[in-house]
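Protein sequences, first through last, are from chains A and B. Taking UniProt numbering, the leading residue of the first sequence gets 1, the next gets one more, and so forth. Taking UniProt numbering, the leading residue of the second sequence gets 1, the next gets one more, and so forth.
No lab work stands behind these hints, which were simulated from the structure alone. Here a beta-carbon is modelled for each residue, glycine too, at the ideal position from N, C-alpha and C. Some clues are possibly wrong.
[Claimed, not checked] Covered stretches of chain A, going by a simulated chain B footprint (3 or more residues, C-beta under 8 Å): (1) 57-70; (2) 75-84; (3) 88-96.
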Amino acid sequence: MQDCRIAANTLACRRGDRLLFRALSFALSSGQALQLVGANGIGKSSLIRILAGLAPAYAGTVERTGTIGLVDERPALDPHKPLGEALGFWQRIDGPADNELAQLGLSALLDVPVRYLSTGQKKRAALARLLGQKAAIWLLDEPLNGLDTRGVALVEALAAEHCRQGGICVIASHQPFNLPGLQRLDLLEHVA
Amino acid sequence: MSARLFTLLRRDLGLLLLGGRRGGATLPVLFFLAVAMLYPFAVGPDAPLLARTGGGVIWVAALLAAILPLDRLIEPDLEQGMFDQWALRGISEELIVAVRVLAHWLSFGPPLMLAAVPASALVGIDADKLRIVELGLLAGTPGLAALGVMVAALTAGLRGGAALGGLLVIPLAIPLLVFGAGSLAIGGESGIALTAAFSLVLLAITPFAAGAAIRSARG
Chain A
1 MQDCRIAANT LACRRGDRLL FRALSFALSS GQALQLVGAN GIGKSSLIRI LAGLAPAYAG
61 TVERTGTIGL VDERPALDPH KPLGEALGFW QRIDGPADNE LAQLGLSALL DVPVRYLSTG
121 QKKRAALARL LGQKAAIWLL DEPLNGLDTR GVALVEALAA EHCRQGGICV IASHQPFNLP
181 GLQRLDLLEH VA
Chain B
1 MSARLFTLLR RDLGLLLLGG RRGGATLPVL FFLAVAMLYP FAVGPDAPLL ARTGGGVIWV
61 AALLAAILPL DRLIEPDLEQ GMFDQWALRG ISEELIVAVR VLAHWLSFGP PLMLAAVPAS
121 ALVGIDADKL RIVELGLLAG TPGLAALGVM VAALTAGLRG GAALGGLLVI PLAIPLLVFG
181 AGSLAIGGES GIALTAAFSL VLLAITPFAA GAAIRSARG
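Can you make the complete structure from the sequences, with help from the hints?
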């Protein structure tokens with residue numbers, strides 16, 4: 001994997017007329033991982049969207065080197081299509097994929113329409129899309145929501161493997177996440 | 001890049017033309033034919049009156065049929081986070097919108113032009129007038145498609161966006177209707193040329209207007 005880097009410089013985020021956080025800075029380089037922690041509504045998801053470049057920051061800048069992969073609460077898979085076809089759309093956009101379906105335990109679900117999948121299965125499907133994208137920087141917004149214990153272990157293993165290969169993980173989660181060398185950033189320290 | 005374009009177009013056509021569970025192109029066509037069928041019942045069996053006004057009715061029916069798929073043009077993809085994923089892959093909203101206008105047009109323009117043949121028989125207009133109606137629809141429906149996608153993007157994410165979208169399209173489509181249906185009254189090609197011109201303006205504006213609307217809705 002090519003060298004990647006993501007850095008936030010004195011970021012601030014405003015929602016409506018409320019300042020969620022300010023003066024938030026960090027820098028991650030190849031192989032590093034960061035967990036964003038904090039109570040509900042403190043701005044973890046907003047920060048993830050700012051880092052992805054999908055939402056503007058109220059102040060501060062984000063520097064990125066490398067492609068961004070995002071998993072949030074929406075799987076971005078056509079709900080009425082069978083899982084295989086819905087993932088196939090992204091495979092045609094991202095290029096051929098390896099064995100991520102078997103890896104995520106989705107092989108048996110390929111004929112099932114996405115809207116019939118459980119929350120955890122949808123999360124696994126979104127992770128399959130992420131793996132197929134082969135992005136350098138992973139932004140995971142509550143990746144453990146709805147997953148069973150085996151699913152949690154799987155996500156942790158995938159993140160560890162991604163970092164080992166030189167990728168970056170930014171994980172927004174209020175749940176504990178087991179990853180060697182995982183840094184923590186508590187948004188409570190940056191509340192405005 | 002062209003492989004990506006083809007992939008996007010194929011998905012859009014699958015959703016809009018074939019439609020799966022949501023009806024695709026069938027619903028607008030049936031609606032269009034239903035209006036053409038109702039009209040003679042409503043005004044009575046006065047053949048000269050029907051022939052004189054039938055072309056205009058076909059135009060109004062086409063406009064209303066084009067409004068039907070409005071709520072599934074942009075909103076579902078915005079809700080499911082598709083636009084976020086495209087943005088992360090460097091696929092611009094403008095490109096997505098341009099592809100979607102093409103898919104939207106393919107899924108109602110040609111089907112309506114085909115359905116205009118039986119509709120013209122129902123309202124009793126002759127072959128010569130049918131030719132002008134068909135040419136007018138060919139010139140006007142791309143503009144209607146662009147207008148539909150632009151309004152769908154502007155109202156995506158709003159509460160009651162679908163109903164509002166229909167209301168917004170109608171006044172904006174008046175120039176298309178005036179020139180398109182007007183070409184029947186004067187019986188010339190100049191009205192069709194003006195319809196085509198207005199269509200081209202809409203086609204040129206839509207990717208940028210809709211792209212900006214989608215980016216701001218994503219915020």
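So, going through the hints one by one against the coordinates:
1. 57-70: holds (count 4)
2. 75-84: Per the Cβ count (7), the hint holds.
3. 88-96: Satisfied; 5 residues make the cut.
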